[in-house]
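Asker: Fit chain L to the supplied structure of chain C, relying on the hints for placement.
Sequence lines, in order, name chains C and L. Everything in the first sequence is counted per the working numbering, starting at 2 for the first residue and increasing by one. Everything in the second sequence is counted per the working numbering, starting at 460 for the first residue and increasing by one.
Hints are supplied without guarantee of correctness; some may be wrong.
To be verified - Result set (BS3-like, lysine-lysine): computed pairs, CA atoms no more than 27 Å apart in a straight line:
(1) C:K370 <-> C:K358
(2) L:K576 <-> C:K209
(3) C:K104 <-> L:K576
(4) C:K103 <-> C:K72
(5) L:K576 <-> C:K271
(6) C:K209 <-> C:K292
(7) C:K10 <-> C:K209
(8) C:K218 <-> L:K576
(9) L:K576 <-> C:K72
(10) C:K292 <-> L:K576
Calculated directly from the structure, the hints in this document are not laboratory data.
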Amino acid sequence: MLSLDIEAKTGDLTLKICTDIPEGVSAIFGPSGCGKTTLLHAIAGLIPCQGSIRFHQHVWQQQQSRLPVHKRQVGYVFQDDRLFPHLSVLENLRYGYVRAQKKQLDMRLNLDDVISRFDLAPLLQRSPTTLSGGESRRVSIARALCAQPQLLLLDEPLTGLDHQRKTEILPYLAAITRDLSIPTLYVSHINDEIAHLCAHTLVMADGKLVDQGDTAKVLGRLWQSSAASQQNLGESGSLLEAQVIGFDQGTAMVTLQLGGQSLNIISPTKPATAQLRLFLAASDVAIALEKPRQLSIRNALAGVISDIRPLDGAQFGLVAVDIHLDSSDLDNQNHGTPTDKQRIVSHISAAACQDLKLGPGTPIFALIKSARIASPAG
Amino acid sequence: MTELSAIWLTVQLAAITTVTLIMVATPLAWWLAHTQHPLRPLVEATTAMPLVMPPTVLGFYLLLLFSPNSGLGGSWLALTGSTLAFSFTGLVLASLIYSLPFMVQPLTATFAQLGRKPLETAATLGASPWEAWRTTILPLARSGYLTAAVLTFAHTVGEFGIVLMVGGNIAGETRLISIAIYESVETLNYREAHILSAGLVAFSFLVLVAVYQFNRQAALSIAPKGTR
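Same shape as in the complex, but just chain C (with noise of 0.2 Å):
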């Protein structure tokens, strides 16, 4: 979908991508000040750049032609939101509206739709400067969407935001990506916002690109290679594909299926679909020998350990154990030979693991608070 073939300078940083992003959602994954940032401004055209960009059969630049920033059609969420003070929320969301049908590009996005998906009706006569900042994020997405964007990059859209305002913001986030099929690059380093969206991942150093594939892969092979705690990538985890079973209004509980295991976590909603990723924090697994009773953790996944690891730098005095679980599904064509899926790892002291005696081979339970697993979007 999106050929890039592209070297920019800025400041001490160089840029250099060669790679082709496919369909759908990718997410760009890496520490701050790997060029991310310089990545997405370079794709709309923001910085100069050397080399290729090529979006389907569009050529955006080739050597010294370069398409300029307002023919390419590209959404953008800044960091900083950006809107535009001098004018109301409505007029925010019209500005790039009107461009589009003046244009007469095809005109997929309906201006009522957005605003009722963004529940933006209340706010449409207030000023961008009165607004929160979960309201003027919503606003953002909701503008970039409005200019009726080929391709939508987001720039970290729930960085700067508190736990509550996440959940607010990541429900309309994996309705877009969802329901509205717009090709969109999303930026980040967190790895749980990622797991929840993105199907591909890129992950970056240094202004290069060192990994990319499917997420759940890319997320395996970033803690074999120690990599993530490393580069101060977030936490390092591990991404989970579960079948929803049941759900408990009273409660709030939704009973999940992982390889015939069963696994409890909270949510305000049913779940929109039958199949749900989950991030599970490596520091959120707790391991016990022996299958507890009488304990608040609800969650006890039955696996073995198959290798322990020490981590290093700011982690010193940890061990990473990676756990593959048990299954008991037979119709699991897997079985006996566990996929990414079926991995989890965790987090424990290394005086916790010589004291359990765990090695490679040991069988354990994997320990999981079901109130720690972030509540999965849509």
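Answerer: Chain L in isolation, oriented as in the chain C frame:
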């Protein structure tokens, strides 16, 4: 009433200077606010020169430049049949030069503070560069423009040294308020000097009050209706 003609002439000069400078200084201030060009400090210093030079020095050199013996003054005379020195046109040219920093500096500061972000954002929303500038920078720089225009207008009204050197004292042509006040004092006509001086003081004060009031409202009206 010689005072009335002096007042009218002064207002005309200040208005023409202000309007012309808004158009001349906008691209210059935009360039200064955003360029990385090595010549920038040189251009910046040149535009700021009228601030630090004694007005009589500037006036002296402008007088030489405007005289029919110089290249500029000579070709002006050949083209129009009138001299630049001791004419209203000469005064306008001189005012444009000595009031330039009063327009350029507030605008440069405003543009630098706004940065390029509004333009980038507008471009991603489909606006062409000029359209983006007109619909974001121009309205956002409104109070900067007002400050610059008022400073320029007031400074042009109050200038004395340069207009005396370049324009002299020809009633209805180059005799401005400040010249008229000086002449009244010289001839011990204190009554007329008082009227003009007190008038200028009151005018300046009222203009400043109006500007500050407008700026306050502009700051409030950045927030559209229904939010105040």
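Asker: Now tell me if each hint is right for this structure.
Answerer: Here's how the hints hold up against the structure:
1. C:K370 <-> C:K358: This hinted pair holds, its Cα atoms lying about 24 Å apart.
2. L:K576 <-> C:K209: holds (26 Å)
3. C:K104 <-> L:K576: holds (23 Å)
4. C:K103 <-> C:K72: Judged against 27 Å, a Cα distance of about 13 Å means the pair holds.
5. L:K576 <-> C:K271: Violated: K576 (chain L) and K271 (chain C) sit about 41 Å apart, past 27 Å.
6. C:K209 <-> C:K292: violated (45 Å)
7. C:K10 <-> C:K209: holds (12 Å)
8. C:K218 <-> L:K576: The hint is violated at about 37 Å.
9. L:K576 <-> C:K72: holds (18 Å)
10. C:K292 <-> L:K576: The hint is violated at about 57 Å.
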